[in-house]
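K.L.:
In terms of the UniProt record's numbering, the sequence shown opens at residue 1 and continues consecutively.
One or more hints might be untrue.
Said to hold, decoys possible - Derived BS3-like pairs (lysine-lysine); straight-line CA-CA distance at most 27 angstroms:
#1 K36 / K75
#2 K101 / K36
#3 K84 / K101
#4 K101 / K75
Unchecked claim - Label pairs and their in silico Cβ distance ranges:
#5 K75 / D146: 20 to 28 angstroms
#6 T85 / T43: 29 to 37 angstroms
#7 A57 / G88: 24 to 32 angstroms
#8 K101 / A54: 20 to 28 angstroms
#9 L83 / T150: 45 to 53 angstroms
#10 S119 / P80: 47 to 55 angstroms
#11 S121 / N100: 37 to 45 angstroms
#12 K75 / R39: 20 to 28 angstroms
#13 K84 / D148: 50 to 58 angstroms
#14 K101 / R39: 19 to 27 angstroms
#15 D148 / S121: 34 to 42 angstroms
#16 L23 / K84: 43 to 51 angstroms
Since the hints were made in silico from the structure, they are not lab data.
This structure is a prediction, so every number in the text was calculated from the model and none was measured.
Glycine is no exception: its CB is placed at the ideal position from the N, C-alpha and C atoms.
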Amino acid sequence: MRGRKPPARARDHPDAPVLAEVLPRCPPHLSAVARKEWRRLATPLFEAGVLTLADRAALAAYCQAWGRWVEAEGKLAETPALLKTPSGYVQQSPWLSIANKQLEIMGRYMAELGLTPVSRSRVAVTDGHGAPPLIDKIQFVVAYQDADGTIREEPMPGIAREEEGSGRAPGTTRIDLDPRL
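Start from the sequences, fold in the hints, and give me the full structure.
P.N.:
Laid out in structure tokens, this is it:
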């Protein structure tokens, strides 16, 4: 089917079944790398109201694809992307095919789970109780360490600055990048 994906209507349907609000457990069959990705994503997605028990399989499939992609990228770092066959032909490494396929699979699940900027705008992110969106403003800053070793933050060039002296707009919350990324 061509064109952009229509917004999901099931979440807004008044007769939609209410699922128990429980953080899904990580499936035991996931690889170690996939389990680590599960731990990184499950809680934030659950707290944002995106992950329910019904979404466990989708997140597990994404995490498993992530684990396979990481493994394939590791093997690609050790071996060349193109190999010479015994008959003298040049052939693409099987690891490159695996990495590309896993990226494709991950992309589909990322769209389903709201893990891309575009899909986040389509997935209703709430506090899980029907409240308005948790994020209503995003401010981009550039953080760097100057010559004295002091960490400085400045608004990204070309983006409007907050009012001087206020430090931060009222009601805003600072969200730092996860150091595990």
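K.L.:
Could you run down the list of hints and mark each one as holding or not?
P.N.:
To see whether the hints hold, each was checked on the structure:
1. K36 / K75: Given pair K36, K75 holds - Cα atoms ~19 angstroms apart, limit 27 angstroms.
2. K101 / K36: Distance of about 21 angstroms is within 27 angstroms: holds.
3. K84 / K101: Holds, at roughly 22 angstroms.
4. K101 / K75: 15 angstroms, holds
5. K75 / D146: 20 to 28 angstroms: Roughly 40 angstroms apart at Cβ, these two residues miss the hinted range, so it is violated.
6. T85 / T43: 29 to 37 angstroms: 47 angstroms, violated
7. A57 / G88: 24 to 32 angstroms: The hinted range 24 to 32 angstroms is violated for A57 and G88, with Cβ atoms some 45 angstroms apart.
8. K101 / A54: 20 to 28 angstroms: Holds, since K101 and A54 (Cβ atoms, about 26 angstroms apart) stay within the stated range.
9. L83 / T150: 45 to 53 angstroms: With Cβ atoms ~49 angstroms apart, the hint holds.
10. S119 / P80: 47 to 55 angstroms: 35 angstroms, violated
11. S121 / N100: 37 to 45 angstroms: 27 angstroms, violated
12. K75 / R39: 20 to 28 angstroms: 24 angstroms, holds
13. K84 / D148: 50 to 58 angstroms: Given a distance of about 53 angstroms, which is inside 50 to 58 angstroms, the answer is holds.
14. K101 / R39: 19 to 27 angstroms: Since the Cβ atoms of K101 and R39 sit about 24 angstroms apart, the hinted range of 19 to 27 angstroms holds.
15. D148 / S121: 34 to 42 angstroms: 40 angstroms, holds
16. L23 / K84: 43 to 51 angstroms: With a Cβ separation near 50 angstroms, L23 and K84 satisfy 43 to 51 angstroms, so the hint holds.
Taken one by one, the earlier hints fail for this structure at numbers 5, 6, 7, 10, 11, listed in ascending order.
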